[in-house]
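K.L.:
Chains as they are written, first to last, in the working numbering: chain A, 1 to 317; chain B, 1 to 317; chain C, 1 to 317; chain D, 1 to 317; chain E, 1 to 317; chain F, 1 to 317.
Keep in mind the hints are simulated off the structure, nothing from the lab. Fair warning: there could be bad hints in the mix.
It does not matter which identical chain is used: a pair holds within one copy or between any two.
Unchecked claim - Only pairs whose alpha carbons sit at most 27 Å apart, straight line, appear in this in silico DSSO-like list of lysine-lysine:
| id | residue 1 | residue 2 |
| --- | --- | --- |
| 1 | K69 | K115 |
| 2 | K309 | K115 |
| 3 | K151 | K309 |
| 4 | K66 | K309 |
| 5 | K73 | K34 |
| 6 | K115 | K34 |
| 7 | K151 | K34 |
| 8 | K34 | K309 |
| 9 | K115 | K151 |
Below, each chain spelled out in residue letters.
Protein chains: 6
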Amino acid sequence: MLYNIAVHDMALGDEIEGFYLLSAAQQRTTNAGKPYFTGVLSDRSGSVELVVWDFAGGVTPEDNGKVVKVRGKVSEYKGSRQFAAQRFRLADANDRYDPDELVPTAPIDREAELKEIEARIASMADADYRRMAEEMLRRHRDSFLRIPAAKSVHHGFVGGLLMHTGSMLRTADFLAGQYAEVINRDLLLCGTLLHDLAKEREFDFSPLGLAVDYSLEGQLLGHLVMGAREAAALAEELGLPREKAVLLQHLILSHHGEPEFGAAVRPMCAEAELLHLIDMIDSRMEIYAETFENLSPGAFSARIFALDKRIYRPEES
Amino acid sequence: MLYNIAVHDMALGDEIEGFYLLSAAQQRTTNAGKPYFTGVLSDRSGSVELVVWDFAGGVTPEDNGKVVKVRGKVSEYKGSRQFAAQRFRLADANDRYDPDELVPTAPIDREAELKEIEARIASMADADYRRMAEEMLRRHRDSFLRIPAAKSVHHGFVGGLLMHTGSMLRTADFLAGQYAEVINRDLLLCGTLLHDLAKEREFDFSPLGLAVDYSLEGQLLGHLVMGAREAAALAEELGLPREKAVLLQHLILSHHGEPEFGAAVRPMCAEAELLHLIDMIDSRMEIYAETFENLSPGAFSARIFALDKRIYRPEES
Amino acid sequence: MLYNIAVHDMALGDEIEGFYLLSAAQQRTTNAGKPYFTGVLSDRSGSVELVVWDFAGGVTPEDNGKVVKVRGKVSEYKGSRQFAAQRFRLADANDRYDPDELVPTAPIDREAELKEIEARIASMADADYRRMAEEMLRRHRDSFLRIPAAKSVHHGFVGGLLMHTGSMLRTADFLAGQYAEVINRDLLLCGTLLHDLAKEREFDFSPLGLAVDYSLEGQLLGHLVMGAREAAALAEELGLPREKAVLLQHLILSHHGEPEFGAAVRPMCAEAELLHLIDMIDSRMEIYAETFENLSPGAFSARIFALDKRIYRPEES
Amino acid sequence: MLYNIAVHDMALGDEIEGFYLLSAAQQRTTNAGKPYFTGVLSDRSGSVELVVWDFAGGVTPEDNGKVVKVRGKVSEYKGSRQFAAQRFRLADANDRYDPDELVPTAPIDREAELKEIEARIASMADADYRRMAEEMLRRHRDSFLRIPAAKSVHHGFVGGLLMHTGSMLRTADFLAGQYAEVINRDLLLCGTLLHDLAKEREFDFSPLGLAVDYSLEGQLLGHLVMGAREAAALAEELGLPREKAVLLQHLILSHHGEPEFGAAVRPMCAEAELLHLIDMIDSRMEIYAETFENLSPGAFSARIFALDKRIYRPEES
Amino acid sequence: MLYNIAVHDMALGDEIEGFYLLSAAQQRTTNAGKPYFTGVLSDRSGSVELVVWDFAGGVTPEDNGKVVKVRGKVSEYKGSRQFAAQRFRLADANDRYDPDELVPTAPIDREAELKEIEARIASMADADYRRMAEEMLRRHRDSFLRIPAAKSVHHGFVGGLLMHTGSMLRTADFLAGQYAEVINRDLLLCGTLLHDLAKEREFDFSPLGLAVDYSLEGQLLGHLVMGAREAAALAEELGLPREKAVLLQHLILSHHGEPEFGAAVRPMCAEAELLHLIDMIDSRMEIYAETFENLSPGAFSARIFALDKRIYRPEES
Amino acid sequence: MLYNIAVHDMALGDEIEGFYLLSAAQQRTTNAGKPYFTGVLSDRSGSVELVVWDFAGGVTPEDNGKVVKVRGKVSEYKGSRQFAAQRFRLADANDRYDPDELVPTAPIDREAELKEIEARIASMADADYRRMAEEMLRRHRDSFLRIPAAKSVHHGFVGGLLMHTGSMLRTADFLAGQYAEVINRDLLLCGTLLHDLAKEREFDFSPLGLAVDYSLEGQLLGHLVMGAREAAALAEELGLPREKAVLLQHLILSHHGEPEFGAAVRPMCAEAELLHLIDMIDSRMEIYAETFENLSPGAFSARIFALDKRIYRPEES
């Protein structure tokens, strides 16, 4: 009997006991009228089909996104691995397992990233933008450290928003120096920090922190409008001058670039233009990075939905 | 000497004294180096070119949109009428003239329209939506009675927003009955009342109340986002349930229908869908009405920019 | 044994005899080489998978859209109900069943709707448009009472065209009053009545009256061009003045609004503009109504093909 | 004194008497209050500005498109030639001039072209399509020989439709042979002959035969729908089988290829597809030919509106 | 036992031995853990599912596109024919079979087509363009005779490029005569010959000559850019004047017409415009021809991906 | 008499002698038949209208873009300054003036920028890409130091290409570090250096080095295709591996991002994606910088053609 081995390493014939994440759960009935249960088990290393033939209840399709304890054997079905569980129950408060092992997590040192962001905020010369940044970070700190930046397109893992924002801030800081003639560094840094914070309310999250679907506000308002509204309210509270408050909202509202890509308005100042392009760069590069994980050098990917094209991984990159 | 006659009625050779609106003002110099002044005089009946040869100062191009007192004679220049003023000064606090004669005004009884709107609000069954409507109307009452609904496309006259909103509310009420199965009448009426209120801050207005240009917020945020923000704040203040607050914001944010026409999100509930179509109907019908004013029956208009097409006025409509 | 129970009410284990509509019929062969038959049985309440293991012939895939008599038992297959028939034959002239029970039908009183339409026509002041409307209705009366307005998008049930047209006429009449300055009520009402009449020849219909596919003319000419041609011919016959005949054709040809949505020309008069928007309103509201039938309050639908978006059903609409 | 010299050859200082076409006519008043008259004189060789200082009436702006008799002198104004007329009147029934000298005319032998078309029709094997072609040509013969194929884009001269159709028929005949496997020659030839015949009613024509503007039917129905309607009526009269009548209408309705370019339906049979492409070829080649008339070898044209691009004339083509 | 019978003619129960093309090959494992092999067998007449239950190795999924020798029996599985092979191995150098029987091949006399093309080249008056054509044909002769013009859209068979080019050259020659005023026949013919030659390097080909996927250069550069580059290099080598070299490249680079359809630049000379339209005609007509092979007269096809529409095959074409 | 004062500083009444750049030159005739000459004089500081009443010849409109020596007086005409020249001739080889004073020039130290670029190339680890970069720079050095990057949109001044490329290389180097996981620094740097080098042949340049119009190759081939071709030829000469040669061409061909913006292919590798976005950033930021030169803080610009929108310059940026 093996314990808690990574899903990626499960081999035909292995007998295993451990904690895994449940998804795609369905309760079904055999031709003979007997209930059985199917679903998918996963951890951060991968996923495997689950079947529970002698299903005695205690778990339902509503438990998708929760952790289960299983005991069983790896077999094969139609060319894929299948985990046939003899024992199957929800994990409870007494169980011991590491949640971070069960979901994909950003490949960075999250505490260090946060410190770097805080140092960058502290370096802002404009007190208005600096206070906005500090206070927004204070209010969102917990979710900012943990939530993904998307459901699946890119950065769809725990800590994704932190990784995405930290990376963009580094680029923003560099480009603010490169184009100091037209760019207000503090406005750009503050807008970059704030631009996606409202994703916290755009999604409904699973117990382990992944985005499972859009929330009511996420669908009907969108994170751009929600983020701009929060920025406006805080700017009022902190007494920012009118123009600064408007510019910050504008950066948030326009960071998708064009209306057909979700921008509420098109970028009309240099910092908004740049924020949009920095966002494009970081999201595109992450899509390449995530695609390369499953792509051999010298090969083309399948068509990538978010890009509407195939991409190529050079042999010697 | 004629006094305050309508611009439309000025005839070649008339000597006139009166108050008119100044626009397109430019101070220039003759080849001989003498300063002179040109511009346009208008009232609600039409406009005429202005020239002041013996210009002694006291008016500048910054006075566009203000009222001037002129005395002079109507002549002709390159086939058009031209008002050559001998006397020319800004109107001041002691002058007596009727501002409503100087700008185009909605062809309705504004007080009656407002009463009908208030009665319609009072008839709303849902106390949450009714209180939202009442309070928003209370806060915006003055501007709501007076501001245009646009710079020029349609309803670009004093009282235009009131006329546009009142007309849409009548249609909304009718259609809420027609489609009672899917439409919540109170949500639709409330969203219709609120949808354009933020135009108050989208434009800069001339002293006499016309929209002369977009404001900073109007350009960088837009009246949809500003309107949704105000609705959200008031909904919080009044303690509306979350869904109602979100739906009202959604109606405001989506009333332009598609992102390429300015919607921050696409309509996703039946009331938002209907509000958008009612807005289309009222703005289109007004464009036809305003075009017909200068179009003979049986003729085609020139290309209308807002519609990107020519329109036809039937002989017997 | 149960008789003619609604498909929606069939439960596991029920033994049933009755008349149902056959679709998706396929004759197949088991691994053992034995013929069997599969398809779908439906009535206006819903549908269920059909399987006939001991298939003795007498029904073929060409019989799709016809009524069959079945006797059998409700079992389950892959999580769905399946009707396993022991007896299976086409209904014939001697069988007694109510066709209206077997297909979805407009949820209105069709006779009353027709009377209302006739009264509205009788109220038209312009004798030319009134005679056009009366004569077209006289010629199309039978199909107008019965055919759907579409294959599936909206109003795809028996009586759908009548329901759609009646509803649009009510709105047209209201808006003709609201915008009397630019709208000729009689032209608008007449165009509304005529706009979809040629759907009678756009589709091939099943024996029970549903639209099963586009006809040759429907594909190669479309109902807009066919409808305009019929209107032109009748206008000539009745001696309508040239402009009226052209305007009526124009309303029919342009009622889809934009060429990419099927309009042969863009609307260029106020009545054509309005007819298009009224058509949009009625079809959109019906899509919401039909979607709500299978959508819980507080939930989002799946993506709706005809709208290219998901829609939301509020909790308290 | 020179008589009736070509406008292209008028030189500074020439004194000239002759008949020319009047356009852009305007009656105006000098600063001194004296009436004068301006406009443009043209013949098939070119055009020149007209001014009549001592204007004594007898011609009005409504006479645009008519022939005038002038006597005067060629001078220069702002760098362009200007014809200053001392005598100026409308041509009347007693005047002798050659209308074909006054308007641009197709550079072909029109009688020979018509004979070739008739021979091609006579060669059609399918009696139905042949009778359609013969009868349509019989009915439209006069206008077919004379009208332009457009206002200005291409073939905008007398005989333009004949030249365009004749050229397309030659190509159609060749390609019907090339793709005999999928193309019905007689359907393609008949559709090609008919495709633009309704241009006769799409435009209002000047007395000398140029298209001056769209007619009411031209704007509200378009020549595709009008042409299809006439074909349908004649097909009925001649008793054509249903499919042939539908296909002919389809070719006419779809010959602009895509809805955004004016097609009422997209081409769905091989002949319709080919007709559209042949129309593209002939209109494009004529645009090149007309552009080359004023373009030196080795040079690029200005942006051509109908193509939305500049074109190049090779040095050695 | 039947030998090498056409796949199209295989009937249930037939015992067969022969050589066929292998594709879609997969090695799999039964529930019982036994290896088996599935794939598709095809020849130019059609294809059939393959299963090898007692799979002893010797063939792998990498052998897709190769020829195999099989011996087995035709059975049925889920309504389709299935070839169950008892013997199964790769064909080797000693085996005797006709490759042209195994892949679809252009329905033309390839040697005759080539001769006609050579004669047309020989007839070119301009020595520069003629030498370009002769030399390019000399260098590409082998592949030109054999490769398809596409993966699947049209002309996706052995000899497809030759058939496509030959057909286009005939049309080009005809139209060069028809539009001699603006078209340089030799430039057009030379550009037509060259336009697709680089397809030789755009695809990876299977051993029997079909295009199986895009090559690295095909994806990252495209056949337009590769073709233009080769033409430029040869033009330099042969000492063509600058304008001729540029024009030839331009024809190749622009022959897809619009950037969204793959053109590197839009056509800007008459020959480029015409080449694009001739390419459209030949590819469209071939799509119709290939679709008609499986479409009954009087029927509509399913939606064709490359055209984004259904097409109709007339009853009497 | 003032000598060679900056055009920007010319004041009404100044008498001036000096060397300026001539453009918009036209030779005209007064009503009285006397020849005169008009045009525009400019230097790097601005431009002024020119008129030469007593024109004695010696300069023609073909001399646009050349330097002239003028002597005259600044007056005013229709509200603008006008330079009325008494003496007027072309500058010749004996004249002494500084060409860099006469045309706008990049606001950078060009020698230092070039050194930084050379150092960056020298730091490349991959010998293939480094040799490509070195050799291309060696071949293009002269034009690279001098030509503008565009006619007018951005960087349209002497040294513009150098400034644009140098700035992009700094950003590319930074981002290659930031995204080292997916980006090959040497490929990105090499592609960045090469991406616009073919602009040298895309334009025709004036004697002082501004781009006056597209060249034949520039219009018919474009700088992307020309640049890729040169890179391919050099890669062959230097013996680069196939993949590296293809990737470099791909970066050049795709750097405009989308076909509708001129890309011959869409970016399909990470470096191509990034190069496109870096190009966007640098060109957009330069458009903002150039617009800000004539825009007050707190104001909106007029609509900018290249961006299809207005932009805002914040008060405190």
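K.L.:
Compare the structure with each hint and give your call.
P.N.:
Okay, the hints, checked on the actual structure:
1. With identical chains, the CA atoms of K69 and K115 are never at most 27 Å apart, being 37 Å at best within one copy and 64 Å at best between copies.
2. In this assembly of identical chains, the alpha carbons of K309 and K115 never lie at most 27 Å apart, being 37 Å within a copy and 39 Å across copies at closest.
3. Proximity of K151 to K309 under the C-alpha cut-off of 27 Å is found in both arrangements, the shortest distances being 20 Å within a copy and 18 Å between copies.
4. For a Cα distance limit of 27 Å, the shortest separation of K66 from K309 qualifies neither inside one copy, at 34 Å, nor across copies, at 29 Å.
5. Taking the shortest Cα distances, K73 and K34 sit within 27 Å of each other both inside one copy (21 Å) and across copies (19 Å).
6. Taking the closest pair of Cα atoms, K115 and K34 never come within 27 Å of each other, the shortest separation being 56 Å inside a single copy and 57 Å across copies.
7. For a Cα distance limit of 27 Å, the shortest separation of K151 from K34 qualifies neither inside one copy, at 36 Å, nor across copies, at 40 Å.
8. In this homomeric assembly, K34 and K309 never come within 27 Å of each other (Cα to Cα): the closest approach is 45 Å inside a single copy and 39 Å across copies.
9. For a Cα distance limit of 27 Å, the shortest separation of K115 from K151 inside one copy, 26 Å, qualifies, whereas the shortest one across copies, 46 Å, does not.
In this structure, the earlier hints numbered 1, 2, 4, 6, 7, 8 are contradicted, and the remaining ones agree with it.
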